[in-house]
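Chains as they are written, first to last, in my numbering: chain A, 2 to 280; chain B, 7 to 328; chain C, 155 to 700.
Hints may be right or wrong, so weigh each one.
[As the list claims (entries may be wrong)] With a straight-line cut-off of 20 Å between C-alpha atoms, the simulated PhoX-like cross-links for lysine-lysine are: (1) C:K239 / C:K164; (2) B:K238 / C:K408; (3) C:K553 / C:K566; (4) C:K196 / C:K186; (5) C:K502 / A:K108; (6) C:K224 / C:K186; (7) C:K243 / C:K164; (8) A:K108 / C:K504; (9) B:K238 / C:K243; (10) C:K426 / C:K196; (11) C:K553 / C:K594; (12) C:K299 / C:K694.
Treat the hints as calculated values from the structure; they're not laboratory data.
Listed here are the chains, written in short residue letters.
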Amino acid sequence: MNNKLMHSIVSHLSWGARIGLLCLIIFALSAIFAPWVSPYGQDEIVGDVWESMSGQFWLGTDQLGRDILSRLIHGARNTFFIAGAATLLSFFMGTFFGFLAAVSGGKADQLLSRTNDLMMAIPTLIFALVVLSVLPASMGILIVVMGVLDSTRVFRLSRAVAVDIVVMDFVEAARLRGENTMWIIFREILPNALSPLFAEFGLRFAFAVLFLSTLSFLGLGIQPPDADWGSMVKENKDGIVFGIPAALIPAAAIAILTISINLVVDSVLSRTSSLKGGR
Amino acid sequence: MALGNDSLSTLVAKRLALGLLLLLAISVVIFAGTEMLPGDVAQSILGQSATPEALANLRTEMGLDRPAIARYFNWLFNILQGDLGTSLSSGRDISTMIGDRLNNTLFLASFAALVSVPLAIFLGMIAVHYRDGIVDKLISITTITTISLPEFFIGYLLILFVAVQLNWLPSSSLIYQGMPIGEKLTAIALPCITLVLVVLAHMMRMTRAAILNVMSSAYIETAQLKGLSPFKIIFRHALPNAVSPIITVVVINLAYLVVGVVVVEIIFVYPGMGQLLVDHVTNRDVPVVQATGLIFAAIYILLNMFADIMAIISNPRLRHPK
Amino acid sequence: MSNQPFLQVKGLCISAQVSTTGSKKKNITLVKDVSFDLERGKVLGLIGESGAGKSTIGLVAMAYARSGCKISGGQVLVDGVDILKHSHKQIRNVRGARVAYVAQSAAAAFNPAHRLGDQVIEAALEHKLMSREDALAYADQLYAKLGLPDPENFGQRYPHQVSGGQLQRAMTVMALCAKPDLIVFDEPTTALDVTTQIEVLATIKQAINDTGTAALYITHDLAVVAQIADDIMVLQQGEMIEYGSADHIINHPKESYTADLVSVRSHEKEEKPDPDSAAILSVSNIDAAYDGHNKILKDVSLHLHAGQTLSIVGESGSGKSTLARVITGLLPPMAGETIFDGETLPSKLKSRTKEQLRQLQMVYQMADVAMNPRHTIGQIIGRPIEFYFGVSGAEKRQKVIDLLDQIELGEKYIDRYPAELSGGQKQRVCIARALAAKPKLIICDEVTSALDPLVAEGILQLLSRLQEKHDIAYLFITHDLATVRAISDSIAVMYQGSLVRFGKKSEVLSPPFDDYTEMLLSSVPSMELGWLERTLASRKMQAADH
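Just chain A, with the same shape it has in the complex (with noise of 0.2 Å):
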């Protein structure tokens, strides 16, 4: 049965969808078992700053001598469990509250819907800046901070997806029945709502890779020692000026993993528009 479910739900996807989820599989893989996989140590300085790919080191080593391949590794578990731990508490609080506001209606909608428009309105980079200014840059404020902010699009399209599936005559029809709110949010709408939320996950995962990376690039996300591959870039973009694309690697990784989850969410959802969400 699940066999079958995951054959039919592979056999829709295009051939550049497939690619994408065969290279979704091989990222996850490696940042799951990491120790095993990678060649040397992250913090193991093993070769001369900056060597170029060889036998030895497949991507080179870094500004330290480290190698590359290694951090790639290891750096891909701080990305995905920081991103995605991140877009996890979006989802629940953004359909949280999005459900809520929907089925509530009325003063609690105009609240929840007033207040999360005050977020929006300000673009998310420069609000996390603005919050990283004054609070330290530790791995569970990075989480919460990313996740907060990135609830108000999953608010937004959950409250959306919610408020349509509400004036079907369906749910009008339980209403009149007698049916209560959480038969009605889990039994009428959540059935309804689950496909558009799943791809929307995709992309807000996807965003969140690319907004982490975003922050340690600039010096504000993951901090030395831990790395991830966004700071990857930072430590050797002064290699670039040389001839030395270092810090193009980490960079290539960051495109092939957001490409690859857009891929499969696109194959997934054929939708044209709106892809990267909101900004």
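Once you have looked at the hints, place chains B and C on chain A.
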């Protein structure tokens, strides 16, 4: 749309008022975001090891012992008079620090807009014309790819190949006052291309969707069944209705341009507002962060307000009430 | 003038590509081997249910196929020349100039950004048939001829500034303005209220007669086409069923399908006498508004006896659906009360008991959105059984199967999803869901208006049988007077939020009438030739009398 029976001017006035209200609210949020969180400015300046006396002295000196509401109104009142305060780290006047840099950022962003907007609309129309064909598919794949790329990937790729290997353009974009315009344009060429690439695909794809939406309307079919030429169908029947959605698309992307500029400035070491903001976030220089954050947010809000007002004005139902 | 017919369609086949699951595409046939001739100045009616391919055929007269459709065979001869072989430029010269089009929804077919006048004369100017001044003058004449208000200035207005009936007439003016030889009318009166429909129908007929243009008139309503067409073609699923003169089709149909269409809803139910007992439902002096002050309902009082059917009839905006919302408790009224089965119902839904809710069920117009698409038929029908009677498991399943048998669907549907059912089957499931609560009253809100006539007929017959068997009362909300005749015991006529007439069917439908009821009743097209002329003539005489 719940437009009620309001006239065009009332609606525009309402939207303007809402924009101003939003700006006010944003100033509260930005102020609160930095002031209410644990660890105040004095603590940030002196660090964890500061003695309580030193902290208390500094707080009094900076007026931090007064209630937050009083400080907020004081701050807002000063801003309205053009006084953005002084920097904690350098002690300089923030308004003078920002002056040139704001100009630089606007110069870069508007130049990128000047290139990307016509290009995106043109390519969007091409995509519509060849829709579902090879060109359209190619555009669609490029879109998915470029919107997934982080700005620094595009930026460093350009630096590596165009600046370092081919040596065509400078890798960092140092500009100064009184620089001849030609040199200025050469200096900003790479950051400008990066910004264009970042917004182009998205803007193009949204333009395509907006035009296709209009083209699938029943009145386009009516025009076809009148035997009008394709040229007249597009220019007389599709375009007047596509203007408003396209303006929305453009403005949304311009707003993003203003934000994307932050990262691009860091990549190309460009002396603009974005670099100022990031540097002072790292320094925890709160007054500078507040001032620059407020300016970025204000530009973003004004652009969105402009889009909404254009949408109101271009709605025939409102221009010609019953 | 040549003696050949203006339009000849020979062996026309149209196919459509539909993408099924995956990326595979499948060809389906929309129109199969259809042929007809249309002479100058004559009107051919194309009639059929939704999906019969009639609009597709109409557009082919202009060599136009909607996206996804492909003309796969046959010839379309305009003045003896096959336009399907024309170049794009030659086709453009036919469209708008020789053959013009009137769409179903004029509101969507006019460009909101331009004045009506500019759009009306556009085709004439494009094909260089008249100068701008001449075209504007001719348009003004046509506005006046089609009874549009203030004809000199009508063209200055924008589409959103005029009413739906006026827009539909303006669309006809737009088609006429370039003096085409043929006009394709695609359901031009379907979106209109019945009292507006008769006016638009009369002006279209007048315009066709006066200008001598030929017309292809497409509709699903045989009674409408009978008023206007010389010849009629009956279509079913893309195939021609019967083709002949209007007299032949209406009065002497050969095919059983045509005969069904002609006789649909001509039967009438026997009216039941009022019992001595108190009414099951009585509402008194109801005032209601959505915003607290603009009253949608004004002082409405009516009642309904157990096991009987009360039809509430009115046009859009009459407040008939609002009354249903008041009775169900979705919209608490500003004044008045609802008494159900001897007790006063709380005005708010939340204050009603489970038992009160159970007794009063509802069936909606759009069965598509009245059922949760993620629930199976078994879950949909089973939920009220579980919710009201606490029955579950095998016993519930057996009750669901019983209900499925009653609505003539059967056990095999129990695990299907709504999307796998046809429109009529979906509506049957909704009826079963209402029935599952064992109610005393079911409110039916336009339950047949989204369905094709023969399917609707089946639903009405099912409702009648269920009423006999379970002694359920129906509150039947509809705009369709044929339905009202078919099922009512008593009738309430509503107009702009007020009750204008209420009583037993025989009383309401017999004279003396009030003005509105008379106009409403006389506006319903009757399945006979010449009805339109007779009705208009008698209206004129009455106006002269007054």
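Consistency of the hints with the structure:
Distance hint between K239 of chain C and K164 of chain C is fulfilled; the C-alpha atoms sit about 14 Å from each other, no more than 20 Å. For the hint pairing K238 of chain B with K408 of chain C, the CA-to-CA distance comes to about 49 Å; that exceeds 20 Å, so the pair is violated. Between K553 of chain C and K566 of chain C the CA atoms are separated by roughly 14 Å; this keeps the pair inside 20 Å, and the hint holds. Under the criterion of a C-alpha separation no larger than 20 Å, the hint pairing K196 of chain C with K186 of chain C is inconsistent with the structure, at around 24 Å.
Restraint check for K502 of chain C and K108 of chain A: satisfied, since their Cα atoms lie roughly 19 Å apart, inside the 20 Å limit. Of the pairs offered as hints, the one joining K224 of chain C and K186 of chain C holds, with about 12 Å between alpha carbons and a cut-off of 20 Å not exceeded. Annotation: proposed proximity of K243 of chain C to K164 of chain C is violated, straight-line Cα distance about 23 Å (limit 20 Å). For the proposed pair K108 of chain A and K504 of chain C, the alpha carbon gap of about 18 Å is at most 20 Å, so the pair holds.
Distance hint between K238 of chain B and K243 of chain C is fulfilled; the C-alpha atoms sit about 14 Å from each other, no more than 20 Å. Between K426 of chain C and K196 of chain C the alpha-carbon distance is near 47 Å, which puts this suggested pair outside the 20 Å criterion. Under the criterion of a C-alpha separation no larger than 20 Å, the hint pairing K553 of chain C with K594 of chain C is consistent with the structure, at around 18 Å. Restraint check for K299 of chain C and K694 of chain C: the C-alpha separation of about 17 Å stays at or below 20 Å, so the hint holds.
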